[in-house]
Amino acid sequence: MAGKTLYDKLWDAHLVRQNDDGSALIYIDRQILHEVTSPQAFEGLRLAGRKPWRIDANLATPDHNVPTTERSAGVDQIEDPVSRIQVKTLDANCDEFGIVEFKMNDQRQGIVHVVGPEQGMTLPGTTVVCGDSHTSTHGAFGALAHGIGTSEVEHVLATQCLIAKKMKNMLVRVDGELGAGVTAKDVVLHIIGVIGTAGGTGYAIEFGGSAIRSISMEGRMTICNMAIEAGARVGLVAVDETTIEYFRGRPFSPSEEQWDAAVASWKELVSDDDARFDTVVEIKAEDIQPQVTWGTSPEMVAPVSALVPNPDAESDPVKADGIRRALKYMGLQADQKITDIQLDRVFIGSCTNSRIEDLRAAAEVVKGRKVAANIKQALVVPGSGLVKAQAEAEGLDKIFVEAGLEWREPGCSMCLAMNPDKLGQGEHCASTSNRNFEGRQGFGGRTHLVSPAMAAAAAVTGHFIDVRELMQ
Amino acid sequence: MKKFTQHTGIAAPLDRANVDTDMIIPKQFLKSIKRAGFGPNLFDELRYLDEGQPDQDCAGRPLNPDFVLNQPRYKGTSVLLARENFGCGSSREHAPWALDDFGIRTVIAPSFADIFYNNCFKNGLLPIVLAEAQVDQLFKEVEAAEGYELTVDLERQVVVTPSGEEFAFEVDAFRKHCLLNGLDDIGLTLQHADEIKAYEERRRQEAPWLFGAIK
Ligand code: SF4
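The listed protein sequences correspond, in order, to chains A and B. If you're matching positions, the first sequence starts at 10 in my numbering and goes up one per residue. If you're matching positions, the second sequence starts at 801 in my numbering and goes up one per residue.
For reference, chain A alone in the conformation it holds in the complex (with noise of 0.2 Å):
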């Protein structure tokens, strides 16, 4: 027989039970809550007279519709009426059942792909949901981890257990050693320019090879985060020594007695050798260079070098009709080079890019330099109150306002824009989040994703440029 992938292991350890028809039970360990997915689940709760099943599998926190501006004066500082309705009504229902919450303004509130983990409330061999399809993100700790819609979270919060179908399996293996100046931000934007944005619908999606073994936890974040961005709800990597060191004295992690058979249960958590994966991708670190997307669909990405692609040279009429459209909505032209591309705000942030070594990355290439005079704002949001009190700690907030920046409040912020942090229509974005969808970042805006330290690239010098001419 065929060995497991780390895939079917996790499935297997959560299986409740198996149905005739396909369809299985499995069981939720963890599940985090926000305040914009969750409220119809806890009315739903409420008007069945259900309690939830398992208090301490959840932990909440508001992220999405927080103001990264100051705002110590609490939820009633919150200018948006609708936003703060939402913001309490998290509160009040987490108080009403007894959730534990990181309210806005506790110092470990923050966006929730970045809290799980640095909480060690996602744990390797966890199934982990949230009602955010980011929740792939916490695959990276070779945890069973998926964005689900409100039902199932109100599933969830009733049952403990989610109604699933087993995936395929897809190994994504990235082998050799990346540029200097070349990071995991590039290295997923890569990959999912070579499977699609549909390439993984239906799959989960194992991330493997030398260059992402020798990638850190935070990085290892990134690439998982965007797995949802090439169809698939499941990114995972392999647990190893690095995963394991992450977890050393985290608040929830095993306590001091615990830890010894936790790890060991941990080091299970790998693919078998023999084990069969559906779909194997090969990529060769050496052939990625730093990435920026040109258009309306995370598939719509080049390298820096290259110029934006030209309609007439598509065969593929729907896809030609694709780049017509993004082209159009975008402002650009055929042709032209993406370096040439001026832009208007930068975005660095969001639960793909806000963790300490992103900040770091984008503080040492604005580092005694300025924002450009063609920027009007760019954005420095931390993924959460812990880990801007360590880039404070580390002097990191200096050296961004010193070029320009404006160093924010932790959330979601200009990701999605459901706070007051937009673009205005026709503005253009570099942005180290994961969706540069139409609209995504303000009515008309147009979103260029990259990594923190092409952001902060752009940023200084006011267009696209490669971050490693900055770095010689």
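Worth double-checking, as some hints may not be accurate.
[What the hints assert, rightly or not] The calculated DSS-like cross-link candidates involving lysine-lysine, where the alpha carbons are at most 27 Å apart (straight line), are:
| hint | chain 1 | residue 1 | chain 2 | residue 2 |
| --- | --- | --- | --- | --- |
| 1 | A | K175 | B | K997 |
| 2 | B | K875 | B | K802 |
| 3 | A | K337 | B | K940 |
| 4 | A | K276 | A | K18 |
| 5 | B | K803 | A | K175 |
| 6 | A | K177 | A | K276 |
| 7 | B | K976 | A | K177 |
| 8 | A | K407 | A | K376 |
| 9 | B | K803 | B | K875 |
| 10 | A | K177 | A | K13 |
| 11 | A | K97 | B | K834 |
| 12 | B | K802 | A | K174 |
| 13 | A | K276 | A | K13 |
| 14 | A | K328 | B | K940 |
| 15 | A | K60 | B | K997 |
| 16 | A | K13 | A | K293 |
| 17 | B | K834 | A | K112 |
| 18 | A | K175 | B | K976 |
| 19 | A | K385 | A | K407 |
| 20 | B | K1015 | A | K60 |
| 21 | A | K174 | B | K976 |
| 22 | A | K293 | A | K177 |
| 23 | B | K997 | A | K174 |
| 24 | B | K802 | A | K60 |
| 25 | A | K276 | A | K174 |
| 26 | A | K174 | A | K13 |
| 27 | A | K60 | B | K803 |
| 28 | B | K802 | B | K834 |
| 29 | A | K174 | B | K803 |
| 30 | A | K379 | A | K346 |
| 31 | B | K834 | A | K60 |
| 32 | A | K385 | A | K337 |
| 33 | B | K1015 | A | K112 |
| 34 | A | K407 | A | K379 |
| 35 | A | K97 | B | K1015 |
| 36 | B | K997 | A | K18 |
These aren't lab readings, by the way, just hints derived from the structure by calculation. Quantities reported herein were computed from a predicted structural model and do not represent experimental measurements.
Guided by the hints, dock chain B with the ligand onto chain A, whose structure is given.
Showing chain B with the ligand alone in chain A's frame:
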């Protein structure tokens, strides 16, 4: 949950690939804490020429005449024809809520994004996957004939065109059962509460660090 057995209605062609959930219902409307009322803002950025605000009366807003659902011939659409990878992007269930609130009962496409596909079934909405060539044919037929209606029969798992041509589609037995009977799956799962408790006890033995840590 609302039942879905058989449905006949006006079909409309939404001719673009990778329609994401931000497009189906833009983020400013996700601030609502309710499940209903998203219909007027379905496809807001495609449908109107101005920027929509939550809690705004949409009656007086300037419509985009080019958008398919604004065309008089597609008034009352309840069957949406779409292209590949429909519903990609965020997990917001507001997307199927908005489609449902607008009056769409079924979406037919060559492929769907996983989370959106899943979310539809929780809301009495039927997503149907047909082969690309079949979807192409439906696009051509609907564009050629005003008042074109499709019938979807979930029991028999077929889409029926006005000329009587039938296209078979696949659907999970469990999901089909729930939709046909309008079953609430929390209630179904709780029928297995003993199995869940037994699993949980084993888990507590094997991984005690996962219990009682978050407090
Ligand atoms: S940072 Fe952006 S992608 Fe991540 S959870 Fe927040 S809104 Fe979603």
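These are the hints, each one checked on the structure:
1. Restraint check for A:K175 and B:K997: satisfied, since their Cα atoms lie roughly 22 Å apart, inside the 27 Å limit.
2. A distance of roughly 23 Å separates the Cα atoms of B:K875 and B:K802; the hinted pair therefore holds under the 27 Å criterion.
3. In summary, the hint linking A:K337 to B:K940 is supported, as the alpha carbons are separated by about 26 Å, within the 27 Å threshold.
4. A threshold of 27 Å between alpha carbons decides the hint, and for A:K276 with A:K18 the separation of about 12 Å falls inside it, so the pair holds.
5. Note on B:K803 and A:K175: the hinted pairing holds, with a Cα-Cα distance of about 26 Å set against a maximum of 27 Å.
6. In summary, the hint linking A:K177 to A:K276 is supported, as the alpha carbons are separated by about 23 Å, within the 27 Å threshold.
7. The suggested pairing of B:K976 with A:K177 holds, with an alpha-carbon distance near 22 Å, which does not exceed 27 Å.
8. Between A:K407 and A:K376 the alpha-carbon distance is near 9 Å, which keeps this suggested pair within the 27 Å criterion.
9. Simply put, B:K803 and B:K875 have alpha-carbon atoms about 23 Å apart, close enough for the 27 Å limit, and the pair holds.
10. For the suggested pair A:K177 and A:K13, the alpha carbons sit about 12 Å apart, so the restraint of at most 27 Å is met.
11. Using a Cα cut-off of 27 Å, the hinted pair A:K97 and B:K834 holds, with the two alpha carbons roughly 14 Å apart.
12. A distance of roughly 23 Å separates the Cα atoms of B:K802 and A:K174; the hinted pair therefore holds under the 27 Å criterion.
13. As the CA atoms of A:K276 and A:K13 are separated by approximately 14 Å, the hinted pair is consistent with the 27 Å bound.
14. The suggested pairing of A:K328 with B:K940 holds, with an alpha-carbon distance near 19 Å, which does not exceed 27 Å.
15. A threshold of 27 Å between alpha carbons decides the hint, and for A:K60 with B:K997 the separation of about 15 Å falls inside it, so the pair holds.
16. Of the pairs offered as hints, the one joining A:K13 and A:K293 holds, with about 25 Å between alpha carbons and a cut-off of 27 Å not exceeded.
17. With a C-alpha separation of about 22 Å, the suggested pair B:K834 and A:K112 falls inside the 27 Å cut-off, and the hint holds.
18. A hinted pair counts as satisfied when its Cα atoms are at most 27 Å apart, and A:K175 with B:K976 qualifies at roughly 18 Å.
19. At most 27 Å may separate the alpha-carbon atoms for a hinted pair to count; A:K385 and A:K407 meet this at roughly 19 Å.
20. As the CA atoms of B:K1015 and A:K60 are separated by approximately 17 Å, the hinted pair is consistent with the 27 Å bound.
21. Taking the CA atoms of A:K174 and B:K976, the gap is about 14 Å. The hint holds against a cut of 27 Å.
22. About 23 Å separates the Cα atoms of A:K293 and A:K177, which keeps this hinted pair within 27 Å; it holds.
23. Under the criterion of a C-alpha separation no larger than 27 Å, the hint pairing B:K997 with A:K174 is consistent with the structure, at around 21 Å.
24. Note on B:K802 and A:K60: the hinted pairing holds, with a Cα-Cα distance of about 23 Å set against a maximum of 27 Å.
25. Straight-line distance between C-alpha atoms of A:K276 and A:K174 comes to about 26 Å, which keeps the hinted pair within the 27 Å bound.
26. For the hint pairing A:K174 with A:K13, the CA-to-CA distance comes to about 17 Å; that is within 27 Å, so the pair holds.
27. Among the hinted pairs, A:K60 with B:K803 is consistent with the structure: their alpha-carbon atoms are about 26 Å apart, no more than 27 Å.
28. A threshold of 27 Å between alpha carbons decides the hint, and for B:K802 with B:K834 the separation of about 17 Å falls inside it, so the pair holds.
29. Straight-line distance between C-alpha atoms of A:K174 and B:K803 comes to about 22 Å, which keeps the hinted pair within the 27 Å bound.
30. Using a Cα cut-off of 27 Å, the hinted pair A:K379 and A:K346 holds, with the two alpha carbons roughly 24 Å apart.
31. Using a Cα cut-off of 27 Å, the hinted pair B:K834 and A:K60 holds, with the two alpha carbons roughly 20 Å apart.
32. The straight-line distance between the Cα atoms of A:K385 and A:K337 is roughly 23 Å, inside the 27 Å bound, and the hint therefore holds.
33. The suggested pairing of B:K1015 with A:K112 holds, with an alpha-carbon distance near 14 Å, which does not exceed 27 Å.
34. At most 27 Å may separate the alpha-carbon atoms for a hinted pair to count; A:K407 and A:K379 meet this at roughly 13 Å.
35. Between A:K97 and B:K1015 the alpha-carbon distance is near 21 Å, which keeps this suggested pair within the 27 Å criterion.
36. Restraint check for B:K997 and A:K18: satisfied, since their Cα atoms lie roughly 21 Å apart, inside the 27 Å limit.
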